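Residue numbers (UniProt numbering), protein chains in the order written: chain F, 1 to 483; chain E, 1 to 483.
Be aware that one or more of the hints could be misleading.
[As the list claims (entries may be wrong)] Only some residues are given here: those of chain E computed to face chain F with a beta carbon under 8 Å:
id	residue
1	Asp27
2	Tyr28
3	Val33
4	Val38
5	Trp39
6	Pro41
7	Glu64
8	Val66
9	Asn89
10	Glu90
11	Val91
12	Leu108
13	Ile124
14	Phe243
15	Ile308
16	Ile323
Just so you know, the hints here were simulated from the structure itself, not pulled from any lab data.
Computed from a predicted structure; not experimentally measured.
The beta-carbon is built from N, C-alpha and C at its ideal position, and this holds for glycine as well.
2 protein chains.
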Amino acid sequence: MKLSREKWEKNFSEWLDWVLKEAEIYDYGRYPVKGMGVWMPYGFKIRQNMLELIRKLLDSTGHEEVLFPLLIPEDLLKRESEHIRGFENEVYWVTKGGSEDLDVKLALRPTSETSITFMESLWIKSYKQLPKKYYQVVSVFRYETKATRPLIRLREVTSFKEAHTLHETYEDAAKQVEEAIGIYKKFFDELGIPYMLSKRPDWDKFAGAEYTIAFDTIMPDSRVLQIGTVHHLGQHFTKAFDFKIQRKDGSLDYPHQTSYGISDRVVAVLIAINGDDHGPIIHPSIAPIKVVIIPIPAKDEQIAQKVINYAREIAELLKSHDITVIIDDDMETTPGEKFYIWELKGVPLRIEIGPREMNNNTVFIKRRDTLEGKSVPKEKVVEEVRNLLDIMKKDLRERAYQFMRERIRYTEDLNEAKKILDEKAGVVEVPWCGENSCGLRLEEVTNARVLGIPLDENKDISNSKCIVCKKPAMSMLRLAKTY
Amino acid sequence: MKLSREKWEKNFSEWLDWVLKEAEIYDYGRYPVKGMGVWMPYGFKIRQNMLELIRKLLDSTGHEEVLFPLLIPEDLLKRESEHIRGFENEVYWVTKGGSEDLDVKLALRPTSETSITFMESLWIKSYKQLPKKYYQVVSVFRYETKATRPLIRLREVTSFKEAHTLHETYEDAAKQVEEAIGIYKKFFDELGIPYMLSKRPDWDKFAGAEYTIAFDTIMPDSRVLQIGTVHHLGQHFTKAFDFKIQRKDGSLDYPHQTSYGISDRVVAVLIAINGDDHGPIIHPSIAPIKVVIIPIPAKDEQIAQKVINYAREIAELLKSHDITVIIDDDMETTPGEKFYIWELKGVPLRIEIGPREMNNNTVFIKRRDTLEGKSVPKEKVVEEVRNLLDIMKKDLRERAYQFMRERIRYTEDLNEAKKILDEKAGVVEVPWCGENSCGLRLEEVTNARVLGIPLDENKDISNSKCIVCKKPAMSMLRLAKTY
């Protein structure tokens, strides 16, 4: 069956607005503060399942969840100078309590490096306490001046999972960066989200970092979205807070840090990448409802009731095997209306049950991704549901990766790079000499953004020349039209 | 064994500060914004387990979790006039984004009736969609001018669970108040927290409510703490937002609402009520660690290693039965130091394992509440741990209820009421004519606060006179020195 992805690909922005609202995921644009929306119950569960997955991965690798205050006093936020320069234009400030002016302005946290480093300096005195790996899941605030977009560019980012770690040495922190990358890989893999891993260029690393590694993906409109970042912070913040620890050799020194985060964007991608013109396909790993059962009414009332009873029996069977299922037996809507709404909500599997199924002791199962269905005997329904959910995970992931790969192109010609980016967006990979000046020039000429050096590809560029200056290439560089 | 509760009862405030900091629950007073603290990993887990319990109770009664924005525009917050009068002196205002002044001041939510009612007016059109029961777990902010206290009177309340429900009629909403009370009773009962249920007097109900029912408890210093409230909001907010629905009879009318909340105070009470001079006793229902195993070292290294192996075996055994356990085999601290820290952290059960236990195939289990221990054969350890945890729940609850009941006194004499409250604090119950003027006079004379009419007692007051005006009593009234 040929799937329709017209609206999804051509009018992605409208498609996303439509899905978030109509599937009751995230009400955006109607709450009377720009850039802030409301998680509705169905969306909240998707978000919660996503967060549960990352929590599990973090907890099992020695991370400890904490919760720091939302408000950061001005002097604390400004302690690290590069950091505040990177954020000062987008900080919201609390200046009043009741009718009084506050003595000290309080920032709504844009991120928490400063407050966490300050408290760590009270808690941690010795290498024996290290490594320390904290994380929290909080709202962060950015007074974005660019156009805001639901879940993608918000002024209140409500699902910021930020991890902050502390280490004795630079190398230990570098190793932690690798661990964090491994955790995020597992996380995105489990969710079937394809990603590119790039080392951000110097001029685009996190404000206050030694270096930044980023996860990017390609959205349905072929533009690139950053979905996770990992920063090696070195001693930037510990020096700013004059925070020393006792090292193994007895000396006192500033410890090294990393931080890494993901956000609401993960939900945006989850909804976006597996979509079609019927709506999203919620990934089975985090779908709040795995199966919806729709009884097909019979004209004869007695038979209709028997069908419903049979449907309930199937629902109980699935529930007893820990498969989340709901049965939509509302009498006032037609099966057609029900199909529409549950496809729009992206429930992975739909089971239709009519008199024929009841008489044959079967059910009819339809996959949301392919919209293909088949008849299954009742005694095999649990096995088949599990099996189909697994196949869907695999298929969704493959399809999403294929979509992304088709949008990554290689060229050594500057004009062609510009042309591809202008006409097709996606990602262009080019050979690069390693000089910042050539990277910046590249951004200027193509009117695109450098994502950085690919960390997940091994193309042989030993005979290639820098796309800008024609000196020998040192590495590839990724360029994209980004969100 | 006589337990020592000297520090706990006499210097409760210091005791609480000491426990929160030294047991690494909640770091308070060092973060550089007054009234805001940091949940440390151990405290975060206690908080999380508490929240998980209330979520389970709410989810199973048809409540749906949502997440609304933190920021409420000034005009939205001011729409209901009684409401804003009740809160306006304690609202934090965001007035700047970057270096720009915002066009509209944004409040950090003090509570969410206004924003939720506004969105409900977009979502809900008909009685067919009712009842609706939403809840969220969020930070709320109060610019408290009274002395702040950790977890008890905060400027950032980080664990506000607020529920908001919508109904066709006043009666439906009144029934919802009853359901909410039932849910909170189950919640506090499961946590072993004793409570009094009172209908708050008119002059102390929630700003914008028809009436307010409150749960109060008595803290170790004999002062009363409000730990939960349930409000019938009537049509106050729906009228303010001109929000009508279609009723069953076809007419349009404003729907009725309730709201109810609990907060960080539940954690404060959990830690406080079961304390002694060694620290808190974390209630088994929410203890992040149920059992700590402490191997007692032997001089002979080989034997010491065997003891540790045996201890690990016991730990695995408990884990395999879903009992959260940790083994403290740090070689650099003595058993005495370990006893101190784990008692301070309030882990319900401690298992000591030395050469004797290993040779006899036994373990030595000690209860944190009574500090009594006994030897148990290895094959009975899972059963005995479960059994002891159950007994502890019962005993803790009984002890806490006894403590509270001893501090509730009855008098019909105004001077005596004042004397009791001044000298012993606690709660005094008095007969009352039902007039607000007498209630307010009572507060003035006793310099205490009226908690309201008891809903959980049936004392016969048919022959009693109002303690103030001496007219016939209509009901009892509770009075207390409160937090």
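To see whether the hints hold, each was checked on the structure:
1. With a cut of 8 Å, the hint placing Asp27(E) at the interface with chain F holds, because the nearest CB-to-CB distance is about 7 Å.
2. Taking 8 Å as the C-beta contact cut-off toward chain F, the hint placing Tyr28(E) at the interface is violated, the least distance being around 11 Å.
3. Checking Val33(E) against chain F by beta carbon gives a least distance of about 5 Å; that is within 8 Å, so the hint holds.
4. At its closest, the beta carbon of Val38(E) sits 5 Å from a beta carbon of chain F; the interface hint therefore holds under the 8 Å criterion.
5. Nearest Cβ of chain F to the Cβ of Trp39(E): about 4 Å, under the 8 Å cut. The hint holds.
6. For Pro41(E), the interface hint holds, the least distance from its beta-carbon to any beta-carbon of chain F being 4 Å, beneath 8 Å.
7. The interface hint given for Glu64(E) holds, since its Cβ lies 4 Å from the closest Cβ of chain F, which is under the 8 Å cut-off.
8. The closest approach between the C-beta of Val66(E) and any C-beta of chain F is roughly 6 Å, which is under the 8 Å cut-off, so the hint is satisfied.
9. The closest approach between the C-beta of Asn89(E) and any C-beta of chain F is roughly 4 Å, which is under the 8 Å cut-off, so the hint is satisfied.
10. The beta carbon of Glu90(E) is positioned within 8 Å of a beta carbon in chain F (closest approach about 6 Å), and the interface hint is therefore held.
11. Given hint, Val91(E) at the interface with chain F, holds; its Cβ is 6 Å from that chain's nearest Cβ, closer than 8 Å.
12. Given hint, Leu108(E) at the interface with chain F, holds; its Cβ is 7 Å from that chain's nearest Cβ, closer than 8 Å.
13. This hint is violated: Ile124(E) has a C-beta 12 Å from the nearest C-beta of chain F, more than the 8 Å allowed.
14. Hint on Phe243(E) is violated. Least Cβ distance to chain F is approximately 14 Å, over the 8 Å limit.
15. For the restraint placing Ile308(E) at the interface with chain F, the shortest Cβ-Cβ distance is roughly 20 Å, beyond the 8 Å limit, so the hint is violated.
16. For Ile323(E), the interface hint is violated, the least distance from its beta-carbon to any beta-carbon of chain F being 18 Å, above 8 Å.
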